[in-house]
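A.B. asks: Chains Y and L are the protein sequences, given in the same order. Numbers 2 to 155, taken from my numbering, label the letters of the first sequence in order. Numbers 144 to 282, taken from my numbering, label the letters of the second sequence in order.
Simulated from the structure, these hints should not be mistaken for lab results. Be aware that a few hints might be false.
[As the list claims (entries may be wrong)] Distance condition first, Cα-Cα at most 20 Å in a straight line; then the derived DMTMM-like pairs of lysine to aspartate or glutamate:
#1 Y:Lys-12 x Y:Glu-104
#2 Y:Lys-12 x Y:Asp-36
#3 Y:Lys-118 x L:Glu-229
#4 L:Lys-158 x Y:Asp-138
#5 Y:Lys-77 x L:Asp-177
#6 L:Lys-158 x Y:Asp-82
#7 L:Lys-195 x L:Asp-236
#8 Y:Lys-113 x Y:Glu-131
#9 L:Lys-195 x L:Glu-151
#10 Y:Lys-113 x Y:Asp-138
#11 L:Lys-158 x Y:Asp-38
#12 Y:Lys-22 x Y:Glu-43
#13 L:Lys-145 x L:Asp-252
#14 L:Lys-186 x L:Asp-166
#15 L:Lys-145 x L:Asp-230
#16 Y:Lys-22 x L:Asp-177
#17 Y:Lys-113 x Y:Asp-103
#18 L:Lys-158 x L:Asp-252
#19 Y:Lys-118 x Y:Asp-82
#20 L:Lys-247 x Y:Glu-95
#21 Y:Lys-77 x Y:Glu-131
#22 L:Lys-158 x Y:Glu-131
#23 L:Lys-145 x Y:Asp-37
#24 Y:Lys-22 x Y:Asp-146
#25 L:Lys-195 x L:Glu-167
#26 Y:Lys-113 x Y:Glu-95
#27 L:Lys-195 x L:Glu-213
[As the list claims (entries may be wrong)] Simulated restraints, written as ranges between beta carbons of each label pair:
#28 L:Glu-151 x Y:Lys-22: 22 to 28 Å
#29 L:Thr-250 x Y:Trp-24: 34 to 40 Å
#30 Y:Asn-8 x L:Ser-281: 48 to 54 Å
#31 L:Asp-251 x Y:Gly-50: 17 to 23 Å
From a predicted model like this one, the values you see are computed outputs, not experimental measurements. Yeah, the Cβ is synthetic: ideal placement off N, Cα and C, and Gly gets one too.
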Amino acid sequence: MNMNSENVSGKPLPGGEFTVKRWMAYLWADATRNDDDAFRHEEIARERGASRQLVPPGLAQQIINEASARVADVLKDIGYDLESTVLFGGQGFEFHRSLYVDEPYSVEGQVKDIVTKQGGSGEFDIVTLEYEVFDDDRNLAYTSDKQLIVYPDS
Amino acid sequence: MKANELSEGDRIPEKTYENISIDEMRLMSAIMRDYNPVHFDPKAAERSGYPKRLTQGPIFTSYTTQAVLELVEQPYDIRTYSVRYEDNVFEGDSVTASGTVVEKQATDDGYLLTLDLETTRGDGTVVLSGSATVRVPSE
Numbered sequence: 002m003n004m005n006s007e008n009v010s011g012k013p014l015p016g017g018e019f020t021v022k023r024w025m026a027y028l029w030a031d032a033t034r035n036d037d038d039a040f041r042h043e044e045i046a047r048e049r050g051a052s053r054q055l056v057p058p059g060l061a062q063q064i065i066n067e068a069s070a071r072v073a074d075v076l077k078d079i080g081y082d083l084e085s086t087v088l089f090g091g092q093g094f095e096f097h098r099s100l101y102v103d104e105p106y107s108v109e110g111q112v113k114d115i116v117t118k119q120g121g122s123g124e125f126d127i128v129t130l131e132y133e134v135f136d137d138d139r140n141l142a143y144t145s146d147k148q149l150i151v152y153p154d155s
Numbered sequence: 144m145k146a147n148e149l150s151e152g153d154r155i156p157e158k159t160y161e162n163i164s165i166d167e168m169r170l171m172s173a174i175m176r177d178y179n180p181v182h183f184d185p186k187a188a189e190r191s192g193y194p195k196r197l198t199q200g201p202i203f204t205s206y207t208t209q210a211v212l213e214l215v216e217q218p219y220d221i222r223t224y225s226v227r228y229e230d231n232v233f234e235g236d237s238v239t240a241s242g243t244v245v246e247k248q249a250t251d252d253g254y255l256l257t258l259d260l261e262t263t264r265g266d267g268t269v270v271l272s273g274s275a276t277v278r279v280p281s282e
């Protein structure tokens with residue numbers, strides 16, 4: 002059964018806090034062949050004008066994943082059953098400042114909307130989740146939205 | 144060519160990542176605590192209908208952002224980016240991240256470039272599409 006967007010739009014998502022530790026930024030850079038050592042070493046980051054070791058931009062989604070609920074739990078909470086097929090459609094970010102290791106970030110989110118579409122395999126829903134991520138001073142660090150493609154009846 | 148010399152219609156320098164290794168995929172699974180075995184267990188990948196173990200989206204998303212990072216002075220100069228996954232990437236694949244400048248705006252401290260992004264697999268299949276806005280210095 003496809004979800005009614007009006008019923009769930011604005012539904013808050015579980016929030017939380019996450020701090021990227023040095024090892025995570027370092028190994029993320031390794032796993033993604035990032036050759037910029039500002040993501041591995043504080044002294045290199047400082048040479049580039051940063052205050053401490055930097056977090057790779059690609060890790061921004063993991064901060065949200067760690068601080069908020071898992072996708073499966075979010076969809077279950079909305080009302081999808083566990084047999085639904087879920088694909089990750091895409092994600093967007095808008096940054097308001099650099100991200101650093103050892104800095105706590107708090108995440109808040111909500112269901113933005115659900116749009117039902119017709120595809121070759123039948124009807125599917127595009128569920129959009131949106132998040133705000135704040136630093137310790139409650140300044141907005143970045144915002145993000147995530148699209149999940151859900152085939153409810155598969 | 145320096146980033147501030149790019150004009151609308153120009154391609155940004157592309158970055159190619161060859162032969163995505165299973166060790167990198169295992170590392171990413173561990174970092175993300177992503178327990179989906181299609182990323183590290185060949186039998187699970189086969190049962191799910193994949194020809195090989197499936198590369199995680201954050202890996203080739205990061206390849207794409209790294210192509211953009213080459214243009215900027217610091218990570219925060221990537222003001223926005225968005226990606227859409229178009230197809231799968233597997234262990235051993237090679238992918239190339241590239242993009243095109245679609246808009247260039249002068250600002251008080253340089254330029255704001257809007258980019259269309261595209262990442263392709265070795266066979267030419269587009270695996271990721273997206274966009275980004277980046278700040279580049281005037282000099």
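A.B. asks: None of the hints should be skipped; say for each whether it holds.
C.D. replies: Hints, verified against the model:
1. At roughly 28 Å between alpha-carbon atoms, Lys-12 (chain Y) and Glu-104 (chain Y) are farther apart than 20 Å, so this suggested pair is violated.
2. Taken as a hint, the Lys-12 (chain Y) and Asp-36 (chain Y) pair is broken in the structure, with Cα atoms around 40 Å apart against an allowance of 20 Å.
3. Between Lys-118 (chain Y) and Glu-229 (chain L), the direct Cα distance comes to roughly 17 Å. Compliance with the 20 Å bound is thereby established for this hinted pair.
4. Simply put, Lys-158 (chain L) and Asp-138 (chain Y) have alpha-carbon atoms about 37 Å apart, too far for the 20 Å limit, and the pair is violated.
5. Proximity of Lys-77 (chain Y) to Asp-177 (chain L) is assessed by CA-CA distance (about 18 Å); at most 20 Å being required, the pair is judged to hold.
6. This hinted pair does not check out: Lys-158 (chain L) and Asp-82 (chain Y) have alpha carbons roughly 41 Å apart, beyond 20 Å.
7. Only pairs whose Cα atoms come within 20 Å are accepted, and Lys-195 (chain L) paired with Asp-236 (chain L) is accepted, the gap being roughly 10 Å.
8. Annotation: proposed proximity of Lys-113 (chain Y) to Glu-131 (chain Y) holds, straight-line Cα distance about 6 Å (limit 20 Å).
9. Distance hint between Lys-195 (chain L) and Glu-151 (chain L) is unfulfilled; the C-alpha atoms sit about 39 Å from each other, more than 20 Å.
10. Taking the CA atoms of Lys-113 (chain Y) and Asp-138 (chain Y), the gap is about 26 Å. The hint is violated against a cut of 20 Å.
11. This hinted pair checks out: Lys-158 (chain L) and Asp-38 (chain Y) have alpha carbons roughly 18 Å apart, not beyond 20 Å.
12. Simply put, Lys-22 (chain Y) and Glu-43 (chain Y) have alpha-carbon atoms about 12 Å apart, close enough for the 20 Å limit, and the pair holds.
13. In summary, the hint linking Lys-145 (chain L) to Asp-252 (chain L) is supported, as the alpha carbons are separated by about 16 Å, within the 20 Å threshold.
14. Annotation: proposed proximity of Lys-186 (chain L) to Asp-166 (chain L) holds, straight-line Cα distance about 17 Å (limit 20 Å).
15. The straight-line distance between the Cα atoms of Lys-145 (chain L) and Asp-230 (chain L) is roughly 32 Å, outside the 20 Å bound, and the hint therefore fails.
16. Of the pairs offered as hints, the one joining Lys-22 (chain Y) and Asp-177 (chain L) holds, with about 18 Å between alpha carbons and a cut-off of 20 Å not exceeded.
17. Simply put, Lys-113 (chain Y) and Asp-103 (chain Y) have alpha-carbon atoms about 30 Å apart, too far for the 20 Å limit, and the pair is violated.
18. Distance hint between Lys-158 (chain L) and Asp-252 (chain L) is unfulfilled; the C-alpha atoms sit about 27 Å from each other, more than 20 Å.
19. For the hint linking Lys-118 (chain Y) to Asp-82 (chain Y), the alpha-carbon distance of about 19 Å falls within 20 Å, and the restraint holds.
20. Simply put, Lys-247 (chain L) and Glu-95 (chain Y) have alpha-carbon atoms about 18 Å apart, close enough for the 20 Å limit, and the pair holds.
21. Straight-line distance between C-alpha atoms of Lys-77 (chain Y) and Glu-131 (chain Y) comes to about 17 Å, which keeps the hinted pair within the 20 Å bound.
22. Among the hinted pairs, Lys-158 (chain L) with Glu-131 (chain Y) is inconsistent with the structure: their alpha-carbon atoms are about 30 Å apart, more than 20 Å.
23. Note on Lys-145 (chain L) and Asp-37 (chain Y): the hinted pairing holds, with a Cα-Cα distance of about 18 Å set against a maximum of 20 Å.
24. Between the alpha carbons of Lys-22 (chain Y) and Asp-146 (chain Y) the distance comes to roughly 24 Å, so the proposed pair goes past 20 Å and is violated.
25. About 15 Å separates the Cα atoms of Lys-195 (chain L) and Glu-167 (chain L), which keeps this hinted pair within 20 Å; it holds.
26. Among the hinted pairs, Lys-113 (chain Y) with Glu-95 (chain Y) is consistent with the structure: their alpha-carbon atoms are about 16 Å apart, no more than 20 Å.
27. Distance restraint check for Lys-195 (chain L) and Glu-213 (chain L): the Cα-Cα separation of roughly 31 Å exceeds the 20 Å cut-off, and the hinted pair is therefore not satisfied.
28. Separated by about 41 Å at the C-beta atoms, Glu-151 (chain L) and Lys-22 (chain Y) break the suggested range of 22 to 28 Å.
29. For Thr-250 (chain L) paired with Trp-24 (chain Y), a C-beta distance near 37 Å keeps the hint of 34 to 40 Å intact.
30. The hint said 48 to 54 Å for the Cβ distance between Asn-8 (chain Y) and Ser-281 (chain L), and at roughly 50 Å that hint holds.
31. At roughly 18 Å, the beta-carbon separation of Asp-251 (chain L) and Gly-50 (chain Y) lies within the given 17 to 23 Å, and the hint holds.
In summary, the structure is inconsistent with hints 1, 2, 4, 6, 9, 10, 15, 17, 18, 22, 24, 27, 28 from the numbered list given earlier, while agreeing with the others.
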